[in-house]
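As given, the protein sequences belong to chains A and B, one line each in that order.
Per the working numbering, the first sequence starts with residue 1, numbered consecutively.
Per the working numbering, the second sequence starts with residue 10001, numbered consecutively.
A few of these clues could be false.
Unchecked claim - Quick list of the computed label-pair ranges, beta carbon to beta carbon: (1) L1067(A) to T10158(B): 45 to 53 Å; (2) P10331(B) to L195(A): 27 to 35 Å; (3) H10169(B) to C1139(A): 17 to 25 Å; (4) N10153(B) to W1056(A): 45 to 53 Å.
What the hints assert, rightly or not - Result set (DSS-like, lysine-lysine): computed pairs, CA atoms no more than 30 Å apart in a straight line: (5) K1196(A) to K10357(B); (6) K10037(B) to K751(A); (7) K10079(B) to K10209(B); (8) K203(A) to K10279(B); (9) K10079(B) to K203(A); (10) K751(A) to K907(A); (11) K203(A) to K10207(B); (12) K163(A) to K1196(A); (13) K1196(A) to K10037(B); (14) K10209(B) to K10143(B); (15) K203(A) to K10037(B); (16) K10246(B) to K10279(B); (17) K10246(B) to K10162(B); (18) K203(A) to K10246(B); (19) K10037(B) to K163(A).
What the hints assert, rightly or not - Which residues of chain B face chain A? A partial, calculated answer using Cβ under 7 Å: (20) P10031; (21) Q10045; (22) I10047; (23) T10049; (24) V10219; (25) R10222; (26) R10278.
Rather than coming from a laboratory, the hints here were simulated on the basis of the structure.
Just so it is clear, CB atoms sit at the ideal spot from N, CA and C, and this is done for glycine as well.
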Amino acid sequence: MFSFSFFYSPQCYTRNERRYMEKYWKEVRVGDFIRLRCNEILPADVLLLSSSDPDGLCHIETATLDGETNLKQRQVVRSFIDLDCEFDPSKYNSVIECEKPNNDLNRFRGYIIHRSGRRDGLYKVNLLLRGCTIRNTEEAVGIVIYAGHETKAMLNNNGPRYKRSRLERQMNVDVFWCVIILLVMCLFSATGHGLWMFQYGDKRPVFDVLSPEGTGLSPVLSAIYLFLTMIIVFQVLIPISLFVSIEIVKICQVYFIHQDVDLYDEETDSHLQCRALNITEDLGQMQYIFSDKTGTLTDNKMVFRRCTVAGVEYSHDANAKRLAMYQEVDSEEEECTSHGGTLPRRESVGSHQSSKVVLRSHSTKSHRRTGSRAEAKRASILSKHTAFSSPMEKDITPDPQLMDKVNEGATQMEFMRFHSQPLSQLPSDLSDIIDFFIALTICNTVVVSSPNQPRQKVRMRFELKSPVKTIEDFIKRFTPSRLTSGSNSSSLSSLVTNRSSSNRGCSSILSSPSAESTLTKLNEERLQTGRGTSPGLLEHAFSPVPTTTVDGAKPWTLGEGELRYEAESPDEAALVYAARAYKCSLVGRLPDQVTMELPHLGKLSFELLHTIGFDSTRKRMSVVVRHPLTDQITVYTKGADSVVMDLIRPPTDDTKGKRQKKILYKTQHYLNLYAADGLRTLCIAKKVLSKEEYAGWLRRHLEAETAIHSREELLFESALRLETNLHLLGATGIEDRLQDGVPETIASLRKAGLQIWVLTGDKQETAINIAYACRLLEPEEELITLNAESQDACAMLLEESLRYIQAKFLCSSSAEQSATKTFQQQQQHFTPFRIPSPAATTSSSTAPFLVHRLGLVIDGRTLAYALDKSLEDKFLAVARSCRSVLCCRSTPLQKSMVVKLVRNKLKVMTLAIGDGANDVSMIQVADVGVGISGQEGMQAVMASDFALPRFRYLQKLLLVHGHWCYSRLANMILYFFYKNAMFVALIFWYQFYCGFSGSPMIDQWYLIFFNLMFSAFPQLITGTLDKDVSAETLQELPQLYMSGQNSEEYKPYMFWMNMIDAFYQSLICFFIPYFAYADSDVDLFTWGTPITTLALFTILLHLGIETKTWTWMNWASIAFSVILFFAVALGYNASCPTCYSPSNPYWTMQRLLGDPLFYLLCLVTPLAAVLPRYFYRACQGSLFPSPVQVGRQLDKLPPDTRRNLLSLNRMKVGSLSSLFGPRPSLFPFSGSFPRGCGLRSPQTISTSTSSSSSCNKKQERPGGTKNSKGQETRSSCQSSKQAGNHIPASGLRTESEGQPHRQGSPRPLPGLLDPTEESLCRPPYRAGACPEPSALQQSGFCQLGNWTTSTPLLPPSEYLPLTAPPSGDAQNFPPAASPACTLLPFEGGDTCHLSSDCMAEHGHVTTLL
Amino acid sequence: MMASSYSAKEEDGHHPGASGAGGAAANGRKPDNTAFKQQRLPAWQPILTAGTVLPAFFAIGLIFIPIGIGLYVTSNNIKEFEIDYTGTDTSSPCFSCYQNFSWNSTLPCKCSLPFSLDQPFESNVFMYYGLSNFYQNHRRYVKSRDDSHLNGNLYSLTHPSKECEPYAHRDNVPVAPCGAIANSMFNDTMELFFVHPNETRSQIPLKRKGIAWWTDKHVKFRNPGGNGDNLTAAFQGTTYPVNWHKPVYELDADPENNGFINEDFIVWMRTAALPTFRKLYRIIEKKSSMTPTLPSGNYTLEVTYNYPVHSFDGRKRMILSTISWMGGKNPFLGIAYITVGSVCFFLGVVLLLIHHKYGNRSSSPDIAS
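I would like the entire structure built from these sequences, with the hints used as guidance.
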C-alpha cells in the first residue's frame, strides 16, 4: 500500500475555464483532478468524486477493456455525494489509500480518509478505468489514482512483441548454415593456398607477386591473408539481398491482400488492413486459432425470437420470417442503393413495419434512412454509443395472439382501476402476461436516452429520492402508513434539502421529497395518461428534449421514435425492445424509479427499491419495486433457466397448484425446445413480498451494504435470501446472432487442419451455446468440462481427463477409434485426389497427440489454476487432444497466457483474433494477431497485425493469401539460397585452378550486379505473383492449407537439397566452359564472362522450373533480365579501355558475341545444369504429387469438370461424415445444464434403455461391464440417434454424452411426470460446494467412469447407492427422495465445484467399476 | 487514442454527403476489380509431369546429338601438332638450358628440336607457345599492371600505379612497362625451319603481326607520345623491368610493333584464364592455294631459351594448329552435346515408362472417381 496526500493543484485536464487546463494525456499525473465531459475517454484510472448526475452516478462504456458494449454505472465516492453540485478541487483535503497498481480490472479497494478522520471505503464502482468512455453523464470530476503504465488497462497489456515470421526464423537458421559453408569454403581455400605456396618452397615463381615492399610471404601468413580475402570474395553466399528482396516481396504481397475485393466489406466500406508488413507468410502456417467470441464470432446483437408465458408458447412466426427476409431484401436493396434512391421495401411486412419506416424518416436528422442492412450497419456504427440499436433488434413483430392478450389484460386492469377493484381478480394468465411484460421492461439496467440529445439522460422525475440506502430511508418512506417514524430522519432530510439546492442547475424538475407529492404526481400522471392523449405533463417532464410531433393516437410510438435504450447486455436490450413491440415500453429510468408505459394504462412509475445486479454465480438479476397499481412490493427476477427454475415456489396441491405445476412443466418443455433451437433462454419470475418480509430482508440487506469487510459476500447472500419461492411468469428465447458465414468459415478452417480455441470473457453457458451454433462443437462430440475450485482439484481433474482420454482413445479396441479409422480410410478412399484427410495429416505431423472428437470447456478460475507452472503441461496435454477448446470467463491476461503457453510449449503457430481491447494482449502475444475492425473501438485493430472487417474473411486471408504468401516466400527463399550458392560455387571451383589465390574469373562488376540487377527481377515477380493453386481451389479444398502448416514448401532438408543442386549446377556451369576452353589462348575474363552468362541462364531456367504460373510479367521480367545483362555487359565492355582495373574487359563481350563457341556453350550448359531438377520435378508430378500439385492439376481442368469433381468430393466427404456422426439438424447447446429435476422421469430412462441396449447388441465389448456399455458403444449408436431425436444413454445429462441438451428434450413428457417427485427433488439453490455426483459429471469425471452414463440395463434402484447425495442436502430433501431424483440435482457450471468429497465419491465409484 | 476511436464516426458522419454526391463515392475504398489487382492475370500454368515434359526431353535429345556429332567431326578435322621443349628430360636438346638458365643469365641459351609432321597443314597455321603450371590468373599477378600506363599516358609512365608495386620502380626509376605481368613476359624466341629431304633447311616465314586483338593493339595499348618513331625519347626516364634484357622500345624493329604495342607483349598482357594455357606466337600464312602451308616432312624448331620455368615446374610447348570456325582443336564440346543429348533421350524413355505406368492416374484425375 502506498499513500499520498493531495492538495489543490491547478493541473487539471479539460477546458480552459476556471482553473481546469487542457493537457496531454502524458502529462496526467497521479493526484491530478480531472474533469471529463460526456464521450471523452478516460486518460487514467480516476476515482469519481463528482458527477453532474444528481444521483452521483456516471456511466461508462467499457468496450475497450472487456469487450462488453454496455454501459456501466459508476458511483461518486460516498462521502462526496453529499457535496455541492460543483465540486471544488481546492477544498479537497482527504487522503486516499489504495492498492498497489495491479492488473485486476474487477477489483479495487481503498479508503478515503477525510480530515475529520472519517474513513470511507472505495470500491470498484468508484473507479473509472482508463480507456473507458464517459457516457450519459454531462460532466464528471475525479482524481487520478493510477496514471500511465500503472493503470489497470495498461497493466493488462503486455507490450508489443517483435514478431518475426516462422519462415524467417527458419531462414535464419539456414543463413547461419550459409555462414558455416562460407567459412568452410574459405578455410579450404586458405589451406589450399598455403599448400600451394608451400610446394614452391624457396623457388619463387614469377607469377607469385611479392608484396609491394618486395618481400615474400610465408605460406602460413599468406593462407591467413587469403582466408580473409576469400570471405570478401565469397560473401555473396550470405544472402544480404535476400532480406531486401523479401521485404519487397512482402510489401507487394501486402498490397495484393489489400487490393483483394473479396476482403472488402461493403457494409462498413473497409477492407483488410495489413498493419504488420513482415509476417504475411505466417498466415499460411497457422496451426492454432484463438478467437474471441463476442463481436468476433457473433455480431453481439441479440434478437428476441420467441417467448412462453404462463405455459403458453408464442412462437412469433412473423418475426422469424421477417428475419429471414432481412437477408433476402438486403441483397436486392444494396443493388438498388447504387442506382440511387430506394424506397423502403419492407412496408409490406406489416403495419408495424410501415409505421416504423415513417418514424425512421422522421429521425433522418440523426440517422438517415436505415433501409439496407449496409446502411443500418453503418448507422449502428455511427451511433455505436447506442449499443444494440440495429433494426433487427428493434423490429419485433408481435405475436397477434399475445398482443390480443396483452390488450385484453390491460383493458381489464384499466377497468378495474377505474372501478377500484383489487387487481388480484384479474385472471391469472392475463396477470401473468402483464407481469411478464412489466418484468421484461423494468427488470434490467437499461438506460433510456433520446437520440436528439443522445448523451442526455431522459429525466422524468416526479420526485427526488435516492434508492433505499439506509434503514432510515426505508422507514421514512414507509412511515406514513405502517411503520413508526425514526427520530433521526432530520439529518436525512437536511441532506435531501442540500441536494435539491445543489442540483438546481443540474436537474430541471425538482420537487420536494415527500411521499405525498409522489402520490399526487402519480395520480396526476395516471389521470392524464388515462385520457389516452399525450399529456402535457409528459412533455413537461421531457423538457430537456425538444418537443417533437407526436402522433396522439399512438402514444407508445413516442417512445419508439424518440427513445433509445442502452443496456448492460445486449439481451436486455432485446427484451426491452421486445416488450416495446407489445406497447409496453420503458420510458424512463432513474435510480429510484422506473417509468413504463402500458397500453390503455398509460404511464406507470415503479418505485425502484433495489436493483440486485446480475452476477455469474447467481446467473440472474432482480429488481425490487413497488407496484404502482397494487402497491405491493414486488420482486421481478430474470435469469438463466437452470437457476430460476430451481427457485420457483413449489406448487401446492390445490387446483391452483396443479395449474402451476402444469405451467412449470410446459415452460420447461419449451425451454428445452428453445435450447434445441440454439436460443438463449431466460426465465422470468416474480415474487410478491409483504411489507414485513421486506422489512426483514431489508434490514439484513442494509447491513450487508454497509459492511466494509466481505461486503460482496454479504450482498450475495442477501440476494440469495430474496430470490426464493418465485412465481414463474414465463421464458424467453433470444437469438445471439452469429456473424455471417461463421460456421462455414470455422468448418473450412478446421478442414484446413487448424485448431480453433475460443477464449471469451463470456459466461460458460453462452460460450457453449455459441460454440454449438457456430459448429465449433459438434453435437456428437464429447465435452470435457473443467470447473475446479482449487489448485488440487484442478490437478485431479486434469489428471482424470487425461486418463480418460487415454483410456478412451488410445485403447485400440474402442469403437470410437475404429470408427474414426474407417472414416479416415473411407475418406481417403473417396477423395479422388488422394488429399490426405485432415486427421491423418495432423496426427502424423503433430504426433503423438491425436486430435479426438472431443471438446474442452474450461472456466476462468480453473484456467488460472491450469495455467500454473505445475499444471500447464497436463492442461496442454488434455487441451491438445481435444478438437476444440472453450475458455470462458477468461481475463485479457489469461487469454494471452493461454496463447503464450500454446505457442511456447507446443511450438506451434498461433493466430489470435479479436475485436475488443480485452483481446489486445492476446493479439500481441500470438504469432499473428488479427483484429476485427469496426466493432468495438480500435484498440484491437491498433494492436493487430491484420485487421479484418468480418470474421469470415479469415478464411480467404488464411487459406488463400496465407497459402500464397507462404509458398511464394518459401520458394523464393530457397531459390535465393540456391542462387547465391550456385554463383559463389563457380568462383570456388575456380580456386582450384588459380592456386587458391582468391582470384575471381567473373568481373567484379558482374559480381556486384548479378544479384542486384541481372537476376533480381524475375524472382521478385515470381515471389510476388506466383500462384501454385488458384484461389478457388484453395478455398474449395482447405486441406491444401496443411502444406503450409507442415512447412512442406521449405523443410530443412530442402535447403540442403538446394545446396547440392546449386553445387551440381555450378559444377556444370564451371566445367563445361573449362573443358571447352581448356588449353586454349582464352584470357581470364573472356573465359569468365561466358560463365557469368551461363550462370544467369541457368538460374533463370531454374526459376522457370519453379514458377508455377507464367503471366506476361514473368516472361517480361526474364526477358528483361537477359537483355539487361547483355546491355550492361556490352555497354560496360565498350565504355573505357583503360578503366576497371584489373579486369579491364574492353571489348570482351563484343568479341564473345562473335564467337560461335559462346552460343554453343549457352545452349548446352544451362540445359545440362537444370536437367536433374527438371527430371525430378517431372517424376514427382507423376509418381508422388503433393496435395498442392494435385490442386494445380485440378486447376487445369475445365471449370465445369472441376466444379463437378469438387462437389463430388465434398459430397462424398460430407456424406461420410454424416454417416459417421449423423445429425438430423443442428441442436446447439442450450447454454445451461439440466434445469431442475423434472427430467429424470422413469420414462426417459426406459427410452434410453431401449435404444442403447439395441446398440449394445451390435457391439458387445468383451469383458466390459454392463455399466460401461452405454458409453463405449456410443459411436455405434449414432445411427439410432439419427433415427430419432431421442438420444440413447441420456440417463444423466453428462457432457460426456456429447449431446447434452438434446438428451433432455424428451424428458418432460406431460402427464408422465409424477408431480410429487418433481417437487421433492428440486434442489435448493446452493452457492457453495456441491459435492454431488452431478458435480462430478460436470467436471468431466463422469467420462472416466461410465457409471454416470445411462446405466441403461440397471433398474434405477441399483444405481442409487452410487449417487446418493451427501447429507448436506438432507434437510431439503426428505430421505425418501426417489432414486431417480438423486441423480438430477444439477447446477450450472460455475456453482458446482469439485471438492474432496467428490474425489472420495469418485474413488468409490471407480472401484465399483 | 481518442482520435482513432472517433475516426470511424467522423467518417460515417461525413458519409451521407459523399453518398449523395454519387454512388461511386460511397464505395471509395473498394479495390478495383482488375485482373492484376485481383491476381487473376491470364497465366500459363505448366504442370511438370512425366507426360508433359516427355516431348521436351526427346526434342533436346534429337537436337543435341546431331549438333554434338557435327562439332566432334569439325574438331577432329583440325590438325594440331605439339612439341614440348622444356628440356626436363636429359635426352632433350634443351636440357642444359633448362638446368642452367635463370632470370639472371645474360647469355642466351639456344637449342634446336627436330620434329616431323605426318600430315600437311593446309590452311593458315597458328603457332602457339604453351605454358603449364604458370598461374597467370593469380590474384596478385592479375592485378599487377597499370592500364593507363600501357595506354601511353605520360603521367602514368613516370608515375606507375601502386598496383605495379614492387615492379613499379627499379632503383627509384619508374619501370616501363610496370607490373608483374610485364616483368614475367615470355621472351623465348622460336624459329621454324623446314628440313627438306635433301637436308637443307629453309626458314618458314612467321608473321609477327595480327596475333593480338585489334582493340588491344589499337585502343588499349599505346606508346607514350603517340606511335612516333622516337620511342627511345618517349621512354626517356624509365627503365625496363628487372627480368627483361632489353628496354621495351627494342622489342621489335618495326615501329608499328614496338614499345607497348608490340603484339607479343600485348598477347602476354592478356592474362590466361587457366594455369595451362597457350598463347598465339606467330601466324604462318598460307602462301598459295596449291601448296599446303606446312607440308608433311621434317622440321626443326630453333629456340632461344630465355624463359626459365624450372622454379614452378612449368612446361613449355610449341603448338602448331589450324583453326576452324569454332576455334582450336577441342573435341570436348562435341562430346558434351552428344552426352547431354543421349542422357535426355534416355531420361525421355524413362519418363515414357513412368507416364505409361502411372500417367493415367495423375494426369486425368477425373477418371479416378
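Hints and how they fare:
1. L1067(A) to T10158(B): 45 to 53 Å: Because 47 Å falls inside the window, the suggested range holds.
2. P10331(B) to L195(A): 27 to 35 Å: 33 Å Cβ-Cβ, so the 27 to 35 Å window holds.
3. H10169(B) to C1139(A): 17 to 25 Å: At 24 Å between Cβs, range holds.
4. N10153(B) to W1056(A): 45 to 53 Å: 52 Å, holds
5. K1196(A) to K10357(B): Judged against 30 Å, a Cα distance of about 22 Å means the pair holds.
6. K10037(B) to K751(A): 28 Å, holds
7. K10079(B) to K10209(B): 22 Å, holds
8. K203(A) to K10279(B): 25 Å, holds
9. K10079(B) to K203(A): Since the Cα atoms of K10079(B) and K203(A) sit roughly 37 Å apart, the hinted pair is violated (cutoff 30 Å).
10. K751(A) to K907(A): The given pair, whose Cα atoms are some 21 Å apart, holds under the 30 Å limit.
11. K203(A) to K10207(B): 36 Å, violated
12. K163(A) to K1196(A): Cα-Cα ~37 Å, so violated.
13. K1196(A) to K10037(B): 22 Å, holds
14. K10209(B) to K10143(B): Distance ~27 Å between K10209(B) and K10143(B) Cα, so the pair holds.
15. K203(A) to K10037(B): Not OK: K203(A) and K10037(B) at ~69 Å, beyond 30 Å, violated.
16. K10246(B) to K10279(B): 22 Å, holds
17. K10246(B) to K10162(B): 24 Å, holds
18. K203(A) to K10246(B): 24 Å, holds
19. K10037(B) to K163(A): 27 Å, holds
20. P10031: OK, holds: P10031(B) within 7 Å of chain A, min 4 Å.
21. Q10045: 5 Å, holds
22. I10047: 6 Å, holds
23. T10049: With a minimum Cβ separation of about 4 Å from chain A (threshold 7 Å), the hint on T10049(B) holds.
24. V10219: 5 Å, holds
25. R10222: 9 Å, violated
26. R10278: 5 Å, holds
The structure shown violates the earlier hints numbered 9, 11, 12, 15 and 25.
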